[in-house]
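So the protein sequences, as listed, match chains B, Z, E and D.
Using the working numbering, the first residue of the first sequence is number 8, and each one after it goes up by one.
Using the working numbering, the first residue of the second sequence is number 8, and each one after it goes up by one.
Using the working numbering, the first residue of the third sequence is number 501, and each one after it goes up by one.
Using the working numbering, the first residue of the fourth sequence is number 501, and each one after it goes up by one.
I should point out that these hints are in silico values taken from the structure, not numbers from a laboratory.
Since we're looking at a predicted model, the values are computed, not measured.
A couple of the hints might just be wrong.
As the list claims (entries may be wrong) - Interface residues of chain B toward chain D, partial, derived using beta-carbon atoms under 7 Å:
{"hint": "1", "residue": "Phe85"}
{"hint": "2", "residue": "Lys89"}
{"hint": "3", "residue": "Arg171"}
{"hint": "4", "residue": "Thr180"}
{"hint": "5", "residue": "Arg182"}
For every residue, glycine included, the Cβ atom is placed at its ideal position computed from N, Cα and C.
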Amino acid sequence: MTVRICATAAEAVADVADGATVLIGGFGMAGMPVQLIDALIEQGASDLTVVNNNAGNGDAGLAALLAKGRVRKMICSFPRQKDSWVFDGLYREGKVELELVPQGNLAERMRAAGAGIGAFFCPTGVGTPLAEGKETREIDGRTYVLEYPIRGDVALVGAYRADRMGNVVYRKTARNFGPVMATAAATTIVQVAEVVETGELDPEAVVTPSIYVDRIVAV
Amino acid sequence: MTVRICATAAEAVADVADGATVLIGGFGMAGMPVQLIDALIEQGASDLTVVNNNAGNGDAGLAALLAKGRVRKMICSFPRQKDSWVFDGLYREGKVELELVPQGNLAERMRAAGAGIGAFFCPTGVGTPLAEGKETREIDGRTYVLEYPIRGDVALVGAYRADRMGNVVYRKTARNFGPVMATAAATTIVQVAEVVETGELDPEAVVTPSIYVDRIVAV
Amino acid sequence: MSQDKALSKDEMAALVAKDIPQGSFVNLGIGQPTLVADFLPEGSGVVLHTENGMLNMGPAATEDEVDPDLTNAGKIPVTELPGASYFHHADSFAMMRGGHLDVCVLGAFQVSATGDLANWHTGAPDAIPAVGGAMDLAIGAKSVFVMMTLFAKDGTPKLVPGCTYPLTGVGCVDRVYTDVATFDITPDGVVVTDTFGISYDELADRLEVPLSQG
Amino acid sequence: MSQDKALSKDEMAALVAKDIPQGSFVNLGIGQPTLVADFLPEGSGVVLHTENGMLNMGPAATEDEVDPDLTNAGKIPVTELPGASYFHHADSFAMMRGGHLDVCVLGAFQVSATGDLANWHTGAPDAIPAVGGAMDLAIGAKSVFVMMTLFAKDGTPKLVPGCTYPLTGVGCVDRVYTDVATFDITPDGVVVTDTFGISYDELADRLEVPLSQG
């Protein structure tokens with residue numbers, strides 16, 4: 008349905024529900040939708056499951072959301088960083104659950120959700136603790152682990168520019184998880200540096216087509 | 008490995024072996040690598056398995072390859088067209104085998120090959136003759152069919168421009184199967200209208216990164 | 501818009517167009533469904549998807565607009581509207597399979613009372629089978645609309661208790677637009693939502709499918 | 501390049517760089533492997549991949565080049581070389597998982613005689629586990645090179661009959677570069693290809709892994 012251009016980040020995240028699974032783009036700070044996360048903190052939704060590659064840096068953004076006790080569970084590949092003290096503390100106190108997923112599986116499981124794939128046999132993690140208890144199968148002489156989609160209720164994506172129809176482009180490695188998360192969530196909210204007129208983006212270079220975008224906010 | 012810029016289409020396809028699986032891009036004539044197919048006909052490889060969305064139009068390109076009796080098996084979604092008389096004749100005479108695959112499964116199975124996925128549960132075709140004899144599974148209340156990768160020995164791709172490193176861009180709907188096939192073949196050969204200097208393509212708009220491309224020929 | 505005679509193809513297309521919500525992302529199947537585009541009102545905001553890799557497809561190309569690199573799924577030259585985007589086949593079908601299209605409109609040989617669709621193969625022994633994107637479309641879109649004449653040339657109904665032709669998809673059709681009636685396929689059965697030049701009783705009499713009046 | 505003393509980190513990196521074939525597509529893991537880039541000869545044609553979505557990554561950004569939108573997998577600001585391309589995470593890991601990278605270079609806690617790799621988790625009960633792209637890289641590249649010191653600070657060997665730390669990947673390591681020796685992991689066992697400041701006999705004595713001389 009037609010994208011909504013929101014006046015504020017607060018308007019964009021107003022209806023995020025308690026208990027929602029929120030996909031949050033970004034790899035470290037590159038592509039992190041900082042203003043949307045701040046608005047989500049303000050908005051107050053709690054008991055969230057958050058999917059992000061990391062588990063917060065420093066005290067802002069995702070780390071601040073964690074610090075407020077709003078996150079029940081993190082699904083990520085690399086929580087431990089030199090500035091992940093907020094997550095580290097909560098985790099050691101048993102106040103946040105962790106599902107550790109290899110980075111490529113994180114991306115591919117969200118891709119599967121967006122692409123209508125029910126499950127897929129993946130070679131990553133075979134024979135490691137992260138595949139324990141999972142179904143495996145040998146195909147053509149190689150062992151694979153069955154992996155299931157990760158779906159979001161909401162995706163918060165940081166991007167570069169959007170047109171008024173909702174087509175989105177990114178900048179450099181800030182692209183990272185954004186385009187995949189946009190396909191995997193029921194509602195996708197994108198913050199951009201600039202909203203341009205429809206027709207100004209090169210149709211050959213659109214990365215996230217408008218069909219995946221529900222709300223846009225310029226920050 | 009470093010891409011080879013070939014002087015002629017003949018040079019580019021010189022080593023295609025008898026019995027090879029050849030992925031041929033294009034949807035109808037859009038994106039069809041006509042010069043590479045002509046060179047392949049000239050080169051003489053036979054007993055080929057060809058993957059293309061269709062099974063040849065008119066008397067040129069893929070239709071000509073079929074007419075020469077070089078194709079043992081077609082894997083495609085839509086062989087029957089108003090100008091597919093070459094395939095039609097061979098098929099009725101039992102001279103070519105047909106594996107009919109829904110169009111999205113054709114794309115996704117090649118994507119799986121390129122992405123290292125061993126197999127995937129797909130909702131398409133469930134309960135239809137094209138899923139007969141295939142493994143099915145119910146996941147979250149929906150039935151899926153298990154589909155396996157389609158790998159190519161060679162991909163012949165028609166594109167728009169390449170730089171000297173092998174990065175490739177396409178034009179409009181001529182993009183279609185090219186980028187997927189480029190990932191799914193051991194050797195990917197791309198014909199383009201123009202080879203430009205490295206650095207001339209926008210890194211944000213590259214569709215097939217150089218890693219997937221082995222040979223380029225300007226036609 | 502009940503009327504006292506059967507609908508023309510254009511009238512059917514207009515009816516479908518009227519039922520497509522503002523701003524929908526829509527795929528129009530090859531053939532008759534393509535007509536629907538001509539009846540979308542100005543400012544409908546409807547965005548057309550073509551499975552060969554494009555969103556916001558424009559109308560068929562006129563002579564000097566023809567570009568061999570820009571066609572629809574029927575390989576007919578088309579145009580690009582502002583805000584269009586291009587993507588490859590795996591991404592295009594991921595979009596369909598992932599349930600992101602709001603509506604797709606398809607032709608059919610048969611539709612069953614439970615929404616099974618048969619539209620790719622007559623099952624004739626000498627026919628060369630061809631499926632294209634029909635199966636992907638049938639199971640992908642949020643709503644699947646079928647456009648067809650209700651009766652074959654020999655008078656046989658195409659809305660049937662169970663399809664006799666090979667299936668395209670199981671339980672996937674939501675609504676059926678025909679020349680003489682429109683139907684909703686619901687969990688509680690087939691509901692007649694409108695008739696054109698035929699009475700409900702005659703319809704109920706000619707079809708072997710249990711009907712209810714909407 | 502046998503020499504009579506152990507290699508420095510830079511010397512190890514230079515050794516790895518020398519073994520990367522011209523024109524390879526290479527992923528250098530976080531930490532020590534990143535050093536390898538500094539020793540790739542001019543005109544090597546080696547293209548660096550970073551799993552956060554880029555091919556043909558350039559060196560670390562100097563002060564005025566720093567762009568927060570352009571980092572490597574270690575989140576360090578880097579630069580872009582001509583012929584670079586950007587792609588999203590699913591595409592980037594499809595590239596890895598699909599076997600398109602020629603070489604990846606990783607650090608390790610342990611490598612087993614059959615090429616099992618342990619490099620993500622010490623298994624310490626209070627450690628917060630973090631895996632990142634290590635498992636994807638381990639099983640994805642055509643050749644996996646490991647760079648590590650051969651002995652831990654307490655003298656325990658890191659090339660072992662079987663890993664005691666949690667695994668990153670099974671049978672995935674092809675070659676091991678250490679400060680005192682290099683090894684090929686082959687179907688016939690571990691082959692010592694070079695030694696630095698240690699004799700083959702001393703090496704064979706200090707490791708519990710059966711060795712042969714290359």
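Any hints from earlier that this structure breaks? Give me their numbers in increasing order, please.
2, 3
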